[in-house]
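First to last, the sequence lines map onto chains C and U.
Taken in order, the first sequence gives residues 0 to 309; the numbers are from numbering that gives the first Met the number 0.
Taken in order, the second sequence gives residues 0 to 287; the numbers are from numbering that gives the first Met the number 0.
Calculated directly from the structure, the hints in this document are not laboratory data.
As the structure is a prediction and not an experimental result, all values here were calculated from the model.
Virtual Cβ for every residue (Gly too), placed ideally from N, Cα, C.
So the derived label-pair ranges between C-beta atoms look like this:
no., chain 1, residue 1, chain 2, residue 2, range
1, U, 263, C, 258, 16 to 26 Å
2, U, 99, C, 261, 51 to 61 Å
3, U, 64, C, 278, 18 to 28 Å
4, C, 278, U, 126, 37 to 47 Å
5, C, 70, U, 263, 29 to 39 Å
6, U, 286, C, 103, 30 to 40 Å
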Amino acid sequence: MSWTEFRMQNSECRAFVKLALGIAVAGVLAIGNAYAQGAPPPPQGRGAGPAGEAGAAPGRGRGRGGPEAGPIRRLPDGKPDLSGFYNSNGRGANYGLEAHPNLGLMPGGQGIVVDPPDGKLPMQEWAKAELKSRQTPARGYDDPTAHCIMAAGVPRGFYVPSPFFIMQTPTDVVVLFERMAWRRIPIDANRKHLPDTVRLWQGDSVAHWEGDTLVVDNTNFNGKAWLNEAGEITSHALHVVERFTPVNANTIMYRATLTDPIVYTRPFTIEVQLTRDDNGEMLEVACHEDNQDLAHMKDLKDAGTGLEKK
Amino acid sequence: MACALAKHRLPFVSIQRHLLMSKRLGAAAAVLLAAFAIAGLPPLTERATAQTAAGKQIPRMPDGKPNLQGIWQTRNRAAYNIEDHHAKLNMPAGKGVVEGGAIPYQEWALKKREENFVNRYKDDPFSKCYMPGVPRIMYIEFPFQVFQSSTHVAMTFEWTNVHRLIYTNGSKPVQGIEFWMGDSRGRWEGDTLVVQVTNHNDKTWFDMSGNFHSEALKVTERYSLADADTMRYEATIEDPKVFTRAWKMSMPIYRVKDTDRIFEYQCVAEGEEASGVFHREPKTWYPK
Chain C
0 MSWTEFRMQN SECRAFVKLA LGIAVAGVLA IGNAYAQGAP PPPQGRGAGP AGEAGAAPGR
60 GRGRGGPEAG PIRRLPDGKP DLSGFYNSNG RGANYGLEAH PNLGLMPGGQ GIVVDPPDGK
120 LPMQEWAKAE LKSRQTPARG YDDPTAHCIM AAGVPRGFYV PSPFFIMQTP TDVVVLFERM
180 AWRRIPIDAN RKHLPDTVRL WQGDSVAHWE GDTLVVDNTN FNGKAWLNEA GEITSHALHV
240 VERFTPVNAN TIMYRATLTD PIVYTRPFTI EVQLTRDDNG EMLEVACHED NQDLAHMKDL
300 KDAGTGLEKK
Chain U
0 MACALAKHRL PFVSIQRHLL MSKRLGAAAA VLLAAFAIAG LPPLTERATA QTAAGKQIPR
60 MPDGKPNLQG IWQTRNRAAY NIEDHHAKLN MPAGKGVVEG GAIPYQEWAL KKREENFVNR
120 YKDDPFSKCY MPGVPRIMYI EFPFQVFQSS THVAMTFEWT NVHRLIYTNG SKPVQGIEFW
180 MGDSRGRWEG DTLVVQVTNH NDKTWFDMSG NFHSEALKVT ERYSLADADT MRYEATIEDP
240 KVFTRAWKMS MPIYRVKDTD RIFEYQCVAE GEEASGVFHR EPKTWYPK
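With the rest of the complex left out, here is chain U (with noise of 0.2 Å):
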């Protein structure tokens, strides 16, 4: 077959983001008339400035917006499961992270989340080294350092190298393109950086304990600092097909103020060597 053939890939991809492209200009006319739809509403920073943390010192960038940039991490359990736990084999016990206690699903989607849960470990996207998604990659236990402009807010993570841009320019989201990591664009509430993510396929969850919402996801990060070194995440979520309302998922997020870096750890690489397929070049590799 021709395409067994295929090594030299990466040409095919440019080709298949032209073809694309050519669909977002088509889409173009839908955004401008939805943007003139939500320009009736009223500006939500007079009230948002009132929630300014009570007196704490926090650092700003230039232009007076909190500054949010540096390295971070969680210190919760939410990677096993968002929901309070009590241990298993490799899933240490939690306290969970969902307003409420529980997830509110509907009742399909509970029996499917404890199907995912039976077989989390075949079926977890993450274990199979796919991008995680939003809310979940802000809570996997690794660091991820924070970036920020006037106009755009960028996330690098340690695991497998993975990213978010986050769009504070008044942009609006591409339309009709589903994505691994959502399409996020922010915007300035007060002190608060909201996030609307959009465009996700329904192939990420949530946690690895099979948590889970289809590709009609909308979440929406606050993000602001309670002090100089905490940062206040709070994600909502919205999923008709999934859950019976809108709810919740709060925490911590800490800096990491022992190292000015982060390292990496490429997934699909280590993976691979360990289980000895990947071709090891004595001469060329770093000889440990």
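Next up, chain C with everything else stripped away, as it sits in the complex (with noise of 0.2 Å):
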């Protein structure tokens, strides 16, 4: 096979060239700049946020200190105005929520599990081992998002590389996600939660204020979305508090408690930033439309699973 026919065909191989590409031009450039004033080439670390952006300052998850952006934006009534086109600081998240090296192909991660304050996921013994399997080649395949379902995505869908565009009324937040799936999240302290009957990929959402944070708690998971690529678990016990906390015109820290008595000894939390972007638009992510890696990840699954019978 030439190498053109390579590239043609599997359009993932070809974005991965785009991005080998990219970055040895942005490592040439970076290298240019720092020789030319004489300063050090930049600190590498894949789940660092742009530069310049808030938050880009190291520590765990903080965007406190980031340059001021104004005040928080607020609607009529005085409620935080969350409105607008994100990008979320994921910091290697989707690969890991614990602070990790890059494996393979996958990037490493700074970590952002803030409690328990080691920042380690407190796992049973038999989630240890799942999670282990879930990390062979073989079991790729399972994780939902690879056949592009992906309404997998609480607390997930706000580590994501990929943007979203939150819409708020009086009444509910509804988050589009560009990866094609939105959340409803409505704000009433009086709504009750669906019967225990009644599952769903993302859950069951109701929020209410607590001064600037909106607090949103979810239940009635179907326990078959995935944390990430690394294959983190969640179960059907799943009990997911969110709370949303503008601290500037740009910034929202995003936190999310996660309560799950089947896989997790005691409930944990992570934190992340979402910084919004003005002139930010929405675009597609056709997934499925165009998913040529699911035959790859089969092949590798079935390869795996001949192994095992060996």
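Build the complex: two chains, separate frames, hints provided.
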């Protein structure tokens, strides 16, 4: 197969080539720049946000020391206005919530677990074994997002490397994810969750304001979603409390506390920063429509299954 | 092959996105020029105000615009065939929604439509769980919810968590990128929301019967409230590669009043679970 044929056969490969070229060019530019200014090259870190973005400062998930972006935006009724186009500084969490080095094609990350204080997931023993299994090549096929089931998003939607748009009305916050999924978050302290017998990929959300923080309570999960491509685990017993706290005009601190007694020994909390971009517009990720990866992953799964049988 | 290991696909998507963004910046100058050209046209709002629904009370936003928010669904059979049709296996009979009855296909395109119909079980993009495109998403037999602000109208669909974001802030379409769901830019003409939907690809159909279009498709949608619980929906279809002239479909869309939420239907997930290919996790899945 010629190089051109190889490239044309797989759009992901094409993207990978572009990525590699991009890194090479960026590297050359950075080194050139450093020489010109007589300064050392900037530190490398896959999970860090773009330079100059609030929160690019070192430290776990903190953006409060960032450059001043003006006061929190508010609606006429005085409530914070979360509306807009956002990018998340996911710090590599889509490849592991704990701090981790890069592994093969899987980018490293700085870790987004803020509680327990050691930044480790408090997994039960069976879950540790299951996680190890999910990280074998054969199990990549089992990640729902590999099948482009994109509504796998609580809290995953807020740290995947893909932007989203928040629309806020007096009664609802609606999040439209570029990876073609959405979540409706009704703001109503008196709203009841669905009966236990109705289970959904993204669960059921009810929200209320606590000062300037939107607190969202999520239950009724079907337990099929993975927390990330590393295969980190939740079950149908999952309960997620999310907190959206605007800290300046362009920044929301997003915290989620996950309680899941089937998988974990205690609740844990993650934190990432969401950054508003007033000039941003959503495009469209046609994941399933152009999914050329799944066949490869099925091959790996079949190969893995074959090996187990031997 | 290196990419056989490419389980970790998604960062590449965001890289592609950045490449697209830079392409868009390149087109910005052309957009500006186009905007200047359009600025010479007379405003449409004055004459449109006269067509407000005759005396009917409709909900309104604080800024006076009609309030389209709520859960909506069609009750017709356009999902099966937008033209008049008799019943077939898995297809109830129905009256069409095309004004004047028949779609004005070019000769070759009519043959193509007949081929599509014969091969519909295999070829319908909807049956492959692909995004249905506009206008089809509006009249498939699944409900959707509308959210509205002064700058945007968001539509969230039960079917596979698809959504639309209609800009009503005066912004212009992106240039040079095709979308499954098109690029939607809206403006108010009196009490009617007029949405220009452009940048379509040539892969979506209008219905399950093989009615189709090319990437030259332009859709102009008109949303107005006939009364508090009935939306009038019109879509004017232009595609000089496939049709001999512009044509229009119209239908009512009704407010769903017996529920305050829509749920989910994940097309890919349900298909793969039913086929048994998708691994079942006894410890984590809801036990049923």
